[in-house]
Structure formats: structure tokens, C-alpha cells
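Protein chains in written order, with our numbering: chain A, 4 to 356; chain B, 4 to 356; chain C, 4 to 356.
Treat the hints as calculated values from the structure; they're not laboratory data.
As the structure is a prediction and not an experimental result, all values here were calculated from the model.
Computed list of lysine to aspartate or glutamate pairs in EDC-like fashion (alpha-carbon distance at most 16 Å, straight line): (1) LYS43(B) - GLU6(B); (2) LYS317(A) - ASP303(A); (3) LYS317(B) - GLU330(A); (4) LYS337(C) - GLU344(B); (5) LYS54(C) - GLU73(C); (6) LYS337(C) - GLU346(B); (7) LYS251(A) - GLU213(A); (8) LYS343(A) - GLU342(B); (9) LYS251(B) - GLU41(A); (10) LYS251(C) - ASP214(C); (11) LYS329(C) - ASP333(B); (12) LYS343(B) - GLU346(A); (13) LYS319(C) - GLU330(B); (14) LYS43(B) - GLU231(C); (15) LYS329(B) - GLU330(C); (16) LYS203(C) - ASP160(B); (17) LYS319(A) - GLU308(A); (18) LYS317(B) - ASP303(B); (19) LYS343(C) - GLU342(B); (20) LYS203(A) - ASP160(C); (21) LYS337(A) - ASP333(B); (22) LYS337(A) - GLU342(B); (23) LYS319(C) - GLU308(C); (24) LYS319(A) - ASP333(C); (25) LYS251(B) - GLU272(B); (26) LYS337(C) - GLU342(B); (27) LYS343(B) - GLU342(C); (28) LYS329(A) - GLU330(B); (29) LYS337(B) - ASP333(C); (30) LYS343(A) - GLU342(C); (31) LYS203(A) - ASP214(C); (32) LYS343(C) - GLU342(A); (33) LYS63(A) - GLU41(A); (34) LYS251(A) - ASP290(A); (35) LYS196(C) - GLU272(B); (36) LYS251(B) - ASP303(B); (37) LYS63(B) - GLU78(B); (38) LYS196(A) - ASP86(C); (39) LYS54(A) - ASP303(B).
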Amino acid sequence: MKEIRLSELSRYLDQQGFPNRVEGPGDPLLHGVNTLQEAKEGEISFLTNPKYRAQFCDSKASAAIVASDETVPEELPVLRCQDPYGAMAASVVCIHGVRQHPQWGRDPRAEIAPSARIGANANIAPFVTIDADVVIGDNVTLYPGCYVGRGVVLGDDVTLYPNVVIYDGSQVGSRVSLHAGTVVGQDGLGYAKVGGRWVKIPQAGRAVIEDDVEMGACCAIDRATLGETRIGAGTKFSDAVVIGHGTKVGRHGMFVAQVGLAGSVNVGENATIGGQVGVAGHLNIGDNVMIGAKSGVWSDIESNERYFGIPAFKWKQFWRQVAAVKELPDLMRKLRRLEKELETLRARLDGHE
Amino acid sequence: MKEIRLSELSRYLDQQGFPNRVEGPGDPLLHGVNTLQEAKEGEISFLTNPKYRAQFCDSKASAAIVASDETVPEELPVLRCQDPYGAMAASVVCIHGVRQHPQWGRDPRAEIAPSARIGANANIAPFVTIDADVVIGDNVTLYPGCYVGRGVVLGDDVTLYPNVVIYDGSQVGSRVSLHAGTVVGQDGLGYAKVGGRWVKIPQAGRAVIEDDVEMGACCAIDRATLGETRIGAGTKFSDAVVIGHGTKVGRHGMFVAQVGLAGSVNVGENATIGGQVGVAGHLNIGDNVMIGAKSGVWSDIESNERYFGIPAFKWKQFWRQVAAVKELPDLMRKLRRLEKELETLRARLDGHE
Amino acid sequence: MKEIRLSELSRYLDQQGFPNRVEGPGDPLLHGVNTLQEAKEGEISFLTNPKYRAQFCDSKASAAIVASDETVPEELPVLRCQDPYGAMAASVVCIHGVRQHPQWGRDPRAEIAPSARIGANANIAPFVTIDADVVIGDNVTLYPGCYVGRGVVLGDDVTLYPNVVIYDGSQVGSRVSLHAGTVVGQDGLGYAKVGGRWVKIPQAGRAVIEDDVEMGACCAIDRATLGETRIGAGTKFSDAVVIGHGTKVGRHGMFVAQVGLAGSVNVGENATIGGQVGVAGHLNIGDNVMIGAKSGVWSDIESNERYFGIPAFKWKQFWRQVAAVKELPDLMRKLRRLEKELETLRARLDGHE
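All chains should be modelled from the sequences, with the hints used to inform the complete structure.
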């Protein structure tokens, strides 16, 4: 956390690719970024979601980052720019900085197999276990309680938060961050039913996490039965995401919490998958696909489509169905009325004959 | 576990605020509370759910706690009271007691930063890590494998079960219990898309768990991007509950397993949220709200409402829709018949002209 | 991993109960089993899902296991048999073998209570904690970070992967494997509301895991309030499965990831429960029941039934409803047309009078 004048922040954001102009009274000293509702004096806030516009009145923020054309209270110093969300993110980096890990060096209470090869500047906490034949890059931080299985490869600048487990043979790229309790490379649900019992199929494949992936807490990524489970470069998972054996996720995806993909699914690049979505096994999901929260997917999805629902349909179809179901009780009343009217007409017609 | 006569239990329950009267033969010696189905001789059972009334016949229980007006086999000694559920709970406390934690004192194999301040009667297991500037109250039990990050504050009488992780800067109140594998304060899913890639927004906020909260195993509570994620006093979570960054949950809530709240949600007091419910981001959920299991919520909910469904509607509307959908195939048959009858009428009318 | 000729593998599979015949050119040397898409030279593949038939053309596999009557490229050596899935599984065992655990013996950095009784050939990693009065069978492997609470009983040949937690009093049978981060025997969601606050009911029961159970990563199995939570012999869970207090699951079940059963549910034998299914409390689910992925179950299910949907209905009824909902917008148009036609008819009839 550092202190900075609004005018200095403006110059910093300019340099970071967020051209902006400052308006309003004074040049406040800022020591934090915060939401309109929670900001205290000395903090800069922002408006990126119109839903929160009304909070300007009560906010104690000393300044705000807003869109070029936003209307704001005139006593509030503002920094106007075209991409207030990006400027807010850059301001957080500037003022709050990134997490400073504790420095453990290579703690003697970590259990490191003699055959493990570990790069420069290792930061390995007590109670970490690194098994035989592991290869670890430079600048890696392993928090307490992490387990790195035999033959695992970790790239440079990897951070494993406390109690992360990487099973034997998994590969993890550079600049990967896995949050506490996440597990990579455990056996998937692979059994054959023989004589009424489930007989285990050894899970002989592996799990591969490419560069720049970040996962939240308590995710579980199965190793493949054969071949690979693979999470593409730059993809981000929230918490408690579960990926089945042999599934491949393309680059730059965004998975909200509690998503579950079954085994042997192929997801293309730039997927946006809402919270609690489930995808059945052996499906193909194209590039740039969006799947709404809580959907259940039982069919392939072509590139550039938005799907929603259980089972998932194209976005508009889903909402049309929701609207129709909402009108159903009305519709049933109408139908009963029609039946009666038809009956009346028939009686009248009978009277004519 | 202790042994107690039915008459003694009756007096104990009286003192605890559960006036009762004993009926039936004898004064059995009791050493356990159990369900009707699983009770063995020497155990007292109870009837709080009418669904299980039929199990009286086969139960081996030596006594039972029942409502004032319940009909029971006359050979069974019973303790009648107005609130048999509360009396059962109090009987469990009386006979079984509460969990006795192993006593580790301050185990020398725990890693405790010199700057950490730890209260009286600390019970800290081996393989615990307590980082710099942590402040811990009195009578705290930390099971093996727990990690308490820099600057965390824990209140008095906190219990962290094995492998619980509290990230840097989080605040945990007094009498909080977090079960094994639960994680508090990890980074939420905060990124801005810049040039086709997800750029991380440092998660500069924190997570706050107020007094008397209990969480099950494998929960994940994101820290806020800015400001606070907050779980209100007295709120109870089951297992695998996930709370997004910046979300606030009011006091005395009850969340069943696998609930997921996205980020920036506000939930009022006394919320009852069923299992596997999902709530989309930036919503306001009032006080005393009930949301049925598996619901998906995409709109604000006012205080005192019961919601259900995907998307969630008011409770009655949901069941009306379910009933309507069930009748849909019938309705379609009816519609086809109406079309035919209309056709017949038209033909008859044509014949008249 | 070992090298084996196709003709040798054929004889091995014969002996394992998979009669087969080899066809095609040569007798390739094999060092791996892999999918058609990912197989490299020297690997044998298989076709068990017709969806992948087209991948024969591009596969680099040196041989394939196929059904007796499958059409395959003539230059590909194949091993034909009646049960290609079982033969594939046996081939994985033959060529890849099963996981070889690191050998720790009884690592002195494990914390083992003096009163714990541990069988022959124990393999106990550093940073394991075994509490008082624990009884452990022969040939047990405990990975780093595991916690085994007071009075727990583990059978023979049990494997607990890293950071598995078994609460006090739980019973775990022989040949059980629990993957990383799984928690057994934590307190369930048991509270009574007294004066507007949730008062904890001590969870005095226990959790029992029978023989030959395997669970994926991050599962959570509550102990019972009273009596037992029980997972039947031979049952297999994927990741992040949550089981409520007092629930009983029969033998030989198969639960896909993220399933949640509430408390006091009874599930029979041979259950197949799809991913993300939720089952409400106090229900009876019979033997041989299948529940489709994402279903929400609010009613008992009889033996041998297949259920699907939210709320779950019989399989056919679910799909009939899905089809009907899909036609709803059409149906509403039809109804409006009928109303108009009726109006016209009425007008014509009025003209007659």
C-alpha cells in the first residue's frame, strides 16, 4: 500500500495505456481503492456498473474513476477515462500492489527428495513434500502443506498456496497460481463392472496445466485414464471447479465457481462458463462459447454460441421457454375457457338443426 | 458419554428449559441418544418427524422423547415435552457431551512467526503454520496442517480443524469453528480482459468471519477485491459452500451444502438457503428469505419471501409451474382435439349456409 | 510401464478372461495404451464408443482393441474381443501397472500417538498425524498431511492420499482409497433454533466407510448426529461429492462428481448417480436406481427406476416434458389462432340467428 496524489495516479494510468483527464476540486492524497459503499476518506472509488450510480450520494470516497460521459456530484474529484474498469484494476496494482509472499528460502523442515531438481530463488515453506524426480523452475513459492508427487514438472514463477496437491507425473506451466486445497492429477472415475463389482482401471494418463493458469480454492482436476487432461494457457477458474479425466479446456477460458466438466470433453478457446454449470462427457464445445450459470449441457455446442438452461438451449430459446412456462397456468385457464365456448357453440348449432 | 437414569434426564431437561413429564414403566439407565432405527438397549430415542412413527414397533430404544400428545407403545417409557427436538438436542449434550480436542499445548513442531501474538491456553498442533503479525485470542485450537496467514486476527475459543487455511489479512471472530479443508480469504475471480488475455486484478480486500460462525468441510470464502467479504455472526454453513468476493451474508443464516453465491451479493439476516443453490452476482436478498434447494437466483428477493426454481420464482408460483409442466403433454392432446372439434363445427356451419 | 508384443498381450488377456483373436499385419511391440486421438507409435488403442470411429483414419496407434464385428483399416493390427472395454482396462493393468507409492516406512516426522496400534508394512509419510487409540491394519499408506483422529479404525491396504482428514471415531474398511483433500466424519449441519439463534447439536454419531470404497478429491462425508453415516462396500465416488449426516449409501454405487445427498437419506445397492445431482433429506432411494446428471430429487424412488430432472421424474416423463416445453411457444401461437377462429365461428353463427 502506498500514498499517491490523484494527479500522480492520472499520470501513472496514462503510462499504463489508460488516457484520462482529471476534473473537480483539489488533488487528494490517496492510499486505497474501494467500492463506493465501503470507501473511506483517502480512498478512490469507481463506477463501472450503472446499478451502483445511486451510491455516489452517500460515498465517502475522496475521488472516483468514471466513464468519460458520466454525471457525478460536482464536489467529487474524478478521473475520467474510456475504460474505467481497466483503470480501476491498474489503480489497484499501483496503490495496493500484489501479495508479498512470506520468505522461507528452502526451509529445512520441507521434505525434498534428493533427486528433485529445484531452480533459483526457491521459496519452500515448512511441511512441504517434494517427491523423487520432480523438476521445479525458478522463483517458485510453495506454501506449507503442499505435496508435489513423483516426476512432476513445475515451470517458473509458480505459486502453490497452502495444502495444494499435485499428483505424480503432472505438468504445470510457468506463472501458474493454484489456491489453497486445490488438487491436480488425482485418479478419475474409471471402473469396469465385472461380475457386479467395479474393477478399477488404473489411471495411466496425466494432467497438464499450461502457462498463466490460475485456479481458486478446492478445485479438482482429474488425471487422464490415458493421454492427457489439459487446461489451456491463460485460463482462470474460480473455486471448487471439477474437471473429469481426459477433458481438454482451451486457452483464455473463464470458469466461475462449482463448474463441473465430465470426462473426455473438449472445450475451445475463450470459453466463459457460469457458476454451477455441468457438461456431460465426450462433448465438443467450440471457441468463444458462453454457457449461462447453472446450465446442464448434453449436446455439442458450436463456436460463438451462447447456451443456457437444463438441458441447455441457445440463449434466446431458453428465455422464450422460461417466459412460456411462466404463462402456462394462464394458458391452461384459456384452454378451459375455449373448451366451454366450443361447447356453447356446438349447443347453439345443435339448436339450429 | 455418561450414564443417567431417565428420571435424572427429566430433571436435567427441566433445568435446561424443557419442562416435561415421564410416563411408562420403570426408570431405565441410559448411556446414549440414537434414532429409533439404530437405537440399542440403553439408548433413548425420539420422534420429531412423523415420517418415522412406524419405527416405534421395531425400535430397541429403552425410552423415547416425544411430543405431549404423541401415541406410543405402552411398554415404552417416554419423556413427553412440548419441544421434543430441542429436548433431544439437550439430551445429546447431557449424555454424549461435546468433542474433546487432543491437547497439544504449543507443539514445538508448529511454525509460529516471532511477531505472532497468541492468547492464553493455546492448543496448537504440529505442522501448523502461523505467519507474521497474526493475533490470536484465548483458548484457540488449531489442528494439524492449518495455515494462518500474515496479519490474520482470530478471536477467542476458535477451532480450526485439520488443514484449514486462512489467507493473509482475514479476520475471524470468537467461537468460530471451521471444519477440515475449508479455505478463507483466497483471491476471487477478478480479471480484466486486455488484448485477449485475462489480466489479474490484485484482490486487495479481505474476508471477515464474525462471531459464532460454523462452516463444514471444504468451504471456500473469497476475499474481496476491495473492501470486505463478510459472513455474519451466528451463521452456519454445511460443506462445500462457496462465497464470491465482496459478498455479505447477514447474521443467523443457515446454508446447506454446495451453495454458491457469486460476488457482490448482499444477503440479509436469517437466510435459509437450500443445498446446491446458486445466486448470481450483485443481487440483494432481504431478511428472513428462504430459497429452495437447487434454485438459481437471477433477481433480487425481498425480505420474508420464499423462492424456488431455475430461475427462482416465489414458492407457490414454482410449484404451479411444475404442476403445469407435468400436465403439458395432456394439454397438447387437448389442444389437438379442440382443433378437430372446431374443424367439425366449421364444416357443420358451412353445411348450413 | 513395460514393453510387450501384441501376441503376448493377446495371451495375457486370454488368461484374464477376455478371449480374443489377433488380426492384421505384424506383431508390434507395445509400451502404452492410449486413446485413438492421442496414441503415438508403439501404443495400442481401442474403440469402445462408436462416436470415435472416425478417428481410426488419423490415429498413430500401432494396434487397437475392438469389438468382434468392428470394421477397421486393414493395415491396422487389431485384437478382437467381445468386451473391448474390459480388455482395454486389463491391458492398462498389464502395460502401465498400478501407482507405485513413495516408500516412507514410518517416517520419524509423522506424529503418532503412543496408544495408536499400527499393522505390518506401514508406509507413513512425514507430516502425518495419528491421534490416540487409532487402530490401523497392514499395508497402509498415509501420504503427507493426512490426519487420523482419535479412535479411528483403518482396515488393511488402505491408501489415504495427501491431506485426507478422518475425524475421531470414524471407521474405514480394507482396500479403501481416498484421494487428496477428502474429509470423512466432520460435523453435519445440526442445530436447533433457540431464541433466534442456532444452537449446535453435538454430532455424536460416526461415519463408516466400508471395504473397497474409493473416493475422488475434495469429498466431504458428514458423521451422523446419532448412529451412523455409512458408505457401502465397493461404492465409488468422483470428486467433491458431499454426503449429509446419517445418510446410508448401499454397496457398489457409482457417484459422479459434485453429487450432494442431504441428511438421513437411504440409497440402495448399485445406485448410479449423475454429476451435480442433489437429493433432499429423509428420502428412500431403492436398489439399482439411476438418477440423471443435475437432477433434484424431492421424493422417494423405487428400485430399478431411472429418474431425471428438477424436480426429478421418471426418465421418459422428463424427456416428454422437455420436448413439450420446447414446443410451448408454438403451442401458444396455436391457441391464439384457435381463439380467433372460434370468434369467427361465433360471429357466423350470430349471423344465422
